[in-house]
Amino acid sequence: MCGFIGVYQRTPASFDDRALLTALTTLHHRGPDERSLWHDPAGRAVLGHVRLSIIGLDNGKQPIVADEGDITLVVNGELYDHERIRRELQALGCQFKTDSDSEIALHLYRRSGLAGLKQLRGEFAILLFDRQRRLMLAVRDRMGIKPMFYAQHRGAWYFASEIKALLAAGVPAEWDEDAYASRAFYLRDHTLFKGVRSVQPGCWVMADSGGLHHGRYWDMEFARQDAPDPSDEQGMIEAVRAAVEKSVRLRLRADVPMGVYLSGGIDSSAMLGVATQLSGQPLDAFNLSFTDMDDYDENRFARLAAEHNGARFHTVAVSQDDLADHFEQALWHNETPFFNAHGVAKYILSQTVRDAGMKVVLTGEGADEVFAGYPHFRRDMLLYNPERQDPKLVTQLRQRIQESENGYQRPDMPQDIHWMVEQLSHGVSWLDNQAGWFKALEALYRKDFRERFEGTDPYRQFYDRLDHRNLEGRDPVHKSMYLWAKSYLPNFVLTTLGDRMEMAHSIEGRVPLLDHHVVELACQMPVWMKVRGSTEKYVFREAMKSYLPDALYKRKKHYFRAPPATLQQKGRLYQLVRDVLNGSELDSLPFFDPARVRDLLHRLPQLSAHEQGLLDPMLMELTSLCLLQNRYSLRSSGSQPLWSAREEAA
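All residue numbers for the sequence shown refer to UniProt numbering, where the first residue is 1 and numbers rise by one.
Just so you know, not all the hints are guaranteed correct.
[What the hints assert, rightly or not] With a straight-line cut-off of 27 Å between C-alpha atoms, the simulated BS3-like cross-links for lysine-lysine are:
| # | residue 1 | residue 2 |
| --- | --- | --- |
| 1 | Lys61 | Lys164 |
| 2 | Lys246 | Lys392 |
| 3 | Lys570 | Lys556 |
| 4 | Lys557 | Lys246 |
| 5 | Lys447 | Lys392 |
Keep in mind the hints are simulated off the structure, nothing from the lab.
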């Protein structure tokens, strides 16, 4: 894993090397082993790279420049099965100058252009300058595991692994108020920084003399409703087992020590089991233990998995005070708000793993997205997609839904949610839940901000930008999964719980369950193989049964969450929330009315524990926004003045 910065300009000119070197310095955590800067002799491009050496330790320095000098590239990530591809390319006459897995991308592009990069397997972000064709090409992996951002500044196009590098290179740090109002930083390719976009998963972005161009080279394609219903259930289970085992085997290749993140759920426990069997040796397993509240602590389940596999088990104890101490620095790495402190806990975990001498970890992220593990997917099945399910059980579970909706507020949804329901012909549980939460957040908006962005219709904007061919003729649960994969998976899950919090301490996280071969196989399986009655991830659970202790095999989905700060109001994390929201940063934040926020804080102790817990995500986000504004010196880009005490007095 690595980090990079790249700049392309249509008209040859000099570059500000000092700013670019500063940008690389902000990415030092992504690549502490090497740093380099390459200039196009013609003055059209520059590429900078920081390296975390994992494969080809002695000669894998980047940028990699073709012997002919016409192609230069930088890569962040890992390209698996690269040995086979290298042999095939060598048989065709390609000459390699490094042992790095990254170099295969250069030769694939040389031989087949952009189409050649479709052969890549892994988690990656690639930036390539083609001197002969005078273009810069950015390509992101299929599921969005590795980040990549871009922006236009003073006529040039800037690309980087993290937003902070773009800012250090000269891109202005301004709030994108529209992106916040429309939640486009979660739902689409926007960020909270004006003019900064992310390259979407499975997509490429090209800058050339004609401007900027976009395209998609891969997408999730679920089985159609009218496809023949498969009858070989055991065959599907065995196919999943084989695909996951192969994916893990490819990710065990490294020239440095490797560990496993072990949460206590079936996903990471299965990864530990498969990796242990394939490697033939005990592995180091690291678990986060929340010491403040037992309800959020999965340590005992993680220990079961570790003992089952003979792993060397490491408990990383985290308290509310620890979360408070690391909150701001973790947020700086995240570049988006936290709505729970679990991202901060992951940051602390990665620091401990790095201190233990590890550079690479296997993780279980992705199973819930690929095999329908979230409760909201199960709810969608029960309400909209009950085919091939036990009718009596479905009736019982629907009754439970009616008795306890857990925040789903269908009658009070925004108009564009109702519009989406009409387009899809069914509801989407996770959108209902999120929209209800956002509506509560909007009650704290400044009056002028609310009026300025009223009628934005964020969900309609989200839906309109999707490829509807991959929604037509699909089951409701599969459509819900597709929508999640196009928004919260790359823009939240793989950020807050993946790359950013791992790479903050130079840890490369590998996610076998998001291998595109595993994803494509799962997409073609029917809903009833993923959700069966009250059992989520059915086919994955059955495929991994031999790798799991019985208690974990039978365990239901348990969200990875840090204990809410609002439930421990004497702890330092809640005190951090109070101090920040009573400070000057809230007064200059362009989104919220400080008086309303502080009134909520004042009333909080009188609320029930349930109500306090429901408000915790809102307060976490507000605190995050204030700290981001301060840390990145963000300013408002809108024409409206920021809130002030004088405005409130008037």
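Violated hints, by number in ascending order, as checked against the structure
Going through the list in order, the structure violates hints 2, 3 and 5 and respects the others.
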